[in-house]
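Enquirer: Between the sequences and the hints, there should be enough to build the whole structure, so can you do that?
Protein chains: 2
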Amino acid sequence: MVRFVNVQNLGRWAADTGLEPLLRDLTTELEGHFQRWPLFDKTPRVGSHSQHGVIELMPTSDGITYGFKCVNGHPINSTRGLQTVTAFGALSDVDTGYPIMLSEMTLLTALRTAATSAMAAKVLAPVNATTMALIGSGAQSEFQALAFRANLGINTLRVFDVDPAAMAKFERNATALDFDVTLCGSVEEAITGAHVVTTCTADKKNATVLTDEMVTRACAAGGVTGLHINAIGGDCPGKTELDIELVKRGSVFVEYPEQTFIEGEIQTLPHDWPLTELWQVLTGDAVGRSSDDELTIFDSVGFAIEDFAALVFLNNRLDGTDYYDEIDLIAEPADPKDLFALLPVKQPATIS
Amino acid sequence: MVRFVNVQNLGRWAADTGLEPLLRDLTTELEGHFQRWPLFDKTPRVGSHSQHGVIELMPTSDGITYGFKCVNGHPINSTRGLQTVTAFGALSDVDTGYPIMLSEMTLLTALRTAATSAMAAKVLAPVNATTMALIGSGAQSEFQALAFRANLGINTLRVFDVDPAAMAKFERNATALDFDVTLCGSVEEAITGAHVVTTCTADKKNATVLTDEMVTRACAAGGVTGLHINAIGGDCPGKTELDIELVKRGSVFVEYPEQTFIEGEIQTLPHDWPLTELWQVLTGDAVGRSSDDELTIFDSVGFAIEDFAALVFLNNRLDGTDYYDEIDLIAEPADPKDLFALLPVKQPATIS
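Those sequence lines, one after another, are chains A and B.
Counting in our numbering, the first sequence runs without a single skipped number right up to 352 at its last residue.
Counting in our numbering, the second sequence runs without a single skipped number right up to 352 at its last residue.
Simulated from the structure, these hints should not be mistaken for lab results.
Check before you lean on any hint, since a few could be wrong.
No copy labels: a pair is met if it fits in one copy or bridges any two.
Here are the simulated lysine to any residue pairs, SDA-like style, with alpha carbons at most 25 Å apart [unchecked claim]:
id, residue 1, residue 2
1, 42, 258
2, 122, 172
3, 205, 130
4, 248, 237
5, 42, 259
6, 248, 316
7, 122, 312
8, 205, 95
9, 205, 93
10, 122, 178
11, 122, 321
12, 205, 41
13, 42, 261
14, 122, 39
15, 42, 237
16, 205, 335
17, 122, 82
This one's a predicted model, so the numbers in the text were calculated from it and none came from an experiment.
Expert: So, in structure tokens, the structure goes:
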């Protein structure tokens, strides 16, 4: 039998664990996998693009365990009362090829995305950062806020979204979580005084959420010299969030260059553009933030190893719990060469 | 909620439908999708290879529906009491990106592989073929036999397997299904007198199940001039079944050349080797068997559109039945931007 974690059980597990402890431990789990990055079997995700979105498969393997996620991105969905991103995924045993666990991954992706952002910010954000601007307060925003507080102690949030209802929703949730929240009237107002800027917008187009001039003005007005931009919404060909001049001015950190050049903020830059792979910062092979006044940019598109880490983390915590069901996903005839025996076939009538 | 078809329900559905009617209708379904081949989003499957096998993802989309299969191939598994091939897969709605149905696909793959073989044989096998040789009588063999009887009326089977227990198992199953079965002592004995030869062996290596000389001798001894070889076991880099001289002598038909050159019998041939894509035979754009004494070879590796067809076929037949369960796979908050609301988080204690 294969373990199956549905939405209700994932939510129950996360809430019972406590979101901040969970996000702290998941960040630690992610760090461990990023530190052994070279041994993973890596490939850019395989996307099927359509008019309104994309459906993608994101596989990877560490030679012991194989994992994949099936995820969609449909920005139009929020206008239809549907999720922009939904996902599910599975882990399999590499030695036998048999699946081990199937899980909902809409909630799990929200958690791993936030934990990945925090993992990057731990090595890239200015020391003693206290304030984060959130540009976009949709489905991902509370998870980002919690991951940054759990891992970096950031409790002050300055928020802007083009949708007032989304801002009101965020304020309600974040206030209940004891965050210090300021709703702002513009992107520039939100980023003024922030040490970290997280962009998590969803339009499927080349948007310019942050321009170089705007960031320069806001940093000057806020008395901020060093800034870390956590750019997570530009994650599709033709879907970016940052003015390319801003990207060119910053030190850019990425997950997997082969994929980021297809999907990330750097998709319009030449493939020899200087980048640092985040895993190398975590192993100590590359430098993260190198000076107080540096502009660092995590051009995050989401990579399969993050989903793998989240699935492994979840699976390891299921033992002895009731957060999963067992499902009959694998045909297991007594004689492996007699698959046919699993079909309760009626014998043909004998003519007597 | 998403439909879920487990192994027991898939088996019940197949048996209740009747395997031969099912395989006949599934072949018709496959023909329909092969006839609209150009509109599918196609990519070679994405494999993660390891010492004992491979785990693969096979996605495709027709612009309305997206489907993928996760499948392993571990030849060593049969010595461990495990299935060589296990699989599961899903259909999603392209417009919303939401999954529609998740299904076991170990049994479904066995059915679609057999139906695909029969679809090819309908346009490639010698007219009035009555006898098939089965080289390899493992998990796929009964399905092949049933698909060929359902679609081509072939009822006489000559069987060889290196494993006597697998042959005895096949004889037991096939006799109960009223086939005329002859167990043979060698490959050459089995193919003598056969009009169709199906090779479905599982070794993960370059095997030579059929040589050019053996086939020539057997055809002469059996008085057979035209032959169709349905080669389904060579489906991995480094895993083939046919002597390359035999392949060179035949007219070769394939599913998707980009994938077959990686995995099929033709993996050692130059990429300009003359091939016919099977879908073109089905649309009438290419000729299938062109003469009675031709040697035709279907170099089948399995392609995503076949799994898509099987999943669509299954899903369409589920309406109004109890062959599926509904599972809570998709997070659906009332406000799509309030994913966080799905977590039953305890409010932080207020200090009073």
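Enquirer: Could you run down the list of hints and mark each one as holding or not?
Expert: So, going through the hints one by one against the coordinates:
1. 42 - 258: Both: 10 Å inside a copy, 21 Å across copies.
2. 122 - 172: neither (27 Å within a copy, 64 Å between copies)
3. 205 - 130: neither (31 Å within a copy, 59 Å between copies)
4. 248 - 237: Answer is within: at 18 Å inside a copy they meet the 25 Å cutoff, but 42 Å across does not.
5. 42 - 259: both (10 Å within a copy, 19 Å between copies)
6. 248 - 316: neither (41 Å within a copy, 51 Å between copies)
7. 122 - 312: This pair counts as within: shortest intra-copy Cα distance 22 Å, inter-copy 46 Å.
8. 205 - 95: This pair counts as between: shortest inter-copy Cα distance 17 Å, intra-copy 42 Å.
9. 205 - 93: Between copies only: 22 Å across chains, 38 Å inside a chain, cut-off 25 Å.
10. 122 - 178: within (22 Å within a copy, 69 Å between copies)
11. 122 - 321: Classified as neither; 32 Å inside a copy, 53 Å across copies.
12. 205 - 41: between (30 Å within a copy, 22 Å between copies)
13. 42 - 261: So residue 42 and residue 261 pass the 25 Å test inside a copy (15 Å) and across (22 Å) alike.
14. 122 - 39: within (23 Å within a copy, 46 Å between copies)
15. 42 - 237: Classified as both: same-chain Cα gap 19 Å, cross-chain 18 Å, threshold 25 Å.
16. 205 - 335: between (54 Å within a copy, 23 Å between copies)
17. 122 - 82: neither (33 Å within a copy, 45 Å between copies)
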